[in-house]
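Asker: If you want the building blocks of each chain, they are given just below.
There are 2 protein chains.
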Amino acid sequence: MTEDAKNSTNNITWHQPTVSRSERWKARGHGGAVLWFTGLSGSGKSSIANQVDSMLVLNNNDNDTTTTTSSIHSYVLDGDNVRHGLCADLGFSLEDRAENIRRVGEVAKLMADAGTVVLAAFISPYRVDRDRIRSSLEGVAPFCEIFVQASLGECESRDPKGLYQMAREGKIKNFTGIDDPYEEPLNAELILDSNSKSVDELAQEVVQWLQANDILKIKDS
Amino acid sequence: MTEDAKNSTNNITWHQPTVSRSERWKARGHGGAVLWFTGLSGSGKSSIANQVDSMLVLNNNDNDTTTTTSSIHSYVLDGDNVRHGLCADLGFSLEDRAENIRRVGEVAKLMADAGTVVLAAFISPYRVDRDRIRSSLEGVAPFCEIFVQASLGECESRDPKGLYQMAREGKIKNFTGIDDPYEEPLNAELILDSNSKSVDELAQEVVQWLQANDILKIKDS
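The listed protein sequences correspond, in order, to chains A and B. According to my numbering, the first sequence is numbered sequentially starting from 377. According to my numbering, the second sequence is numbered sequentially starting from 377.
It is possible that some hints are incorrect.
Chain copies aren't distinguished; within one or between two, either way the pair holds.
Listed next, the in silico SDA-like pairs over lysine to any residue satisfying Cα-Cα at most 20 Å (straight line) [said to hold, decoys possible]: (1) K537 - D556; (2) K402 - L470; (3) K549 - I567; (4) K595 - L434; (5) K537 - T394; (6) K595 - N571; (7) K549 - L528; (8) K402 - N435; (9) K537 - K593; (10) K402 - S447; (11) K537 - E565; (12) K549 - G405; (13) K549 - P501; (14) K402 - S446; (15) K549 - E577; (16) K595 - R510.
Derived from the structure by calculation, the hints contain no laboratory data.
Just chain A, same shape as in the assembly (with noise of 0.2 Å):
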């Protein structure tokens, strides 16, 4: 080894270029965000945040006002693709739910300091639970909690998994608006009407409130 080698690996623990979070959303062109979709199953949060998804990447959102033509870098986080990997580990206990909230937040949170417009969509019956991961984004990232509004009726109607019947049958315990208890945001920066309007029109709601109120604007800290 040379000495001029033997010097520079001498600095190994002290080199180290780290990208700032400014300079990291920049360079994508928008920060990042966690928008958490919360709602009774069947409320629409999976297919509203997939079509909101389909809007920001594809960028075909028709009442786009901005001048921006550029690709939103937006990502659907639900229960799919992480119940069977991140999460395959959790059962639907009280403990486990919260655990397995607990995590997507986490990743919500890497994913946003990253620069990704997380998409999260969960059921998340529980205030405290929401509220922890509000406070873990604080200065991170903004957190917005958009509840998908519907009522038990609405849902059990379409019942998408036969979860609903299943329940009622005593089938699947503790489920979420049949016997456990739903708690509904107290602050929530956006309520749809998943009651009377389509995913469509929902999700063209969200992408207009991001818009209109500069969620995606990067500030420098």
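With chain A fixed as given, assemble chain B onto it according to the hints.
Answerer: Leaving out everything else, chain B in the frame of chain A:
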């Protein structure tokens, strides 16, 4: 509720436009990938990963011979940003280490799917843990095992955090390289000679290797 609205909400379960991985990657201008830096404590994994991150995000690669000048969306995952969050509940037992690496692998998979070039810097001493992540990435995104090779003597002489000394004094148990094994990669995609080369040189090697092998090229599936 109007009949039209009622009809559209009845569609809520099947109306789920989902952006495909290749559509998402194309919108980003490059594919996702997981670059997994493994090696002894003090070998330079984090320093090199951060330098690569800086070169990719800020596009300050002097040796860039490609025509593209756009930023690459990378992100460093390391102990600092997961041990305090996602894996804050885990210790350093054999089981907890395995679970730590498993969760990081799952997060890396989600981020790569989203189109991020994940730079994961973890000692990850066991082949079985690294191979499990390699398998789970199959069909999703390239997994590139990067062995940051430095002799135990070299790492111990650097001892950036004073951990080797504590391990030698018996104040830390099961420390990789001292009283716990490090299983060297058998089929690493890239081996970095951290004994004799600087962080800058090795980071350049990684970026040039990425380019030469078209790792971030989007292949239509």
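Asker: Does each hint hold? Answer for all of them.
Answerer: Hints versus structure:
1. K537 - D556: Cα proximity of K537 and D556: one copy only (18 Å, versus 48 Å across).
2. K402 - L470: neither (40 Å within a copy, 40 Å between copies)
3. K549 - I567: neither (28 Å within a copy, 52 Å between copies)
4. K595 - L434: between (25 Å within a copy, 18 Å between copies)
5. K537 - T394: between (46 Å within a copy, 18 Å between copies)
6. K595 - N571: neither (36 Å within a copy, 41 Å between copies)
7. K549 - L528: within (17 Å within a copy, 54 Å between copies)
8. K402 - N435: both (19 Å within a copy, 12 Å between copies)
9. K537 - K593: Neither. Shortest intra-copy (38 Å) and inter-copy (38 Å) distances fail the 20 Å Cα cut-off.
10. K402 - S447: both (14 Å within a copy, 10 Å between copies)
11. K537 - E565: neither (28 Å within a copy, 43 Å between copies)
12. K549 - G405: neither (46 Å within a copy, 46 Å between copies)
13. K549 - P501: Intra 15 Å, inter 41 Å, cutoff 20 Å: intra-copy only.
14. K402 - S446: both (13 Å within a copy, 12 Å between copies)
15. K549 - E577: neither (34 Å within a copy, 58 Å between copies)
16. K595 - R510: For K595 and R510, the Cα distance is within 20 Å only inside one copy (19 Å; across copies 37 Å).
Hint compliance for this structure: hints 2, 3, 6, 9, 11, 12 and 15 are not met, and every other hint is.
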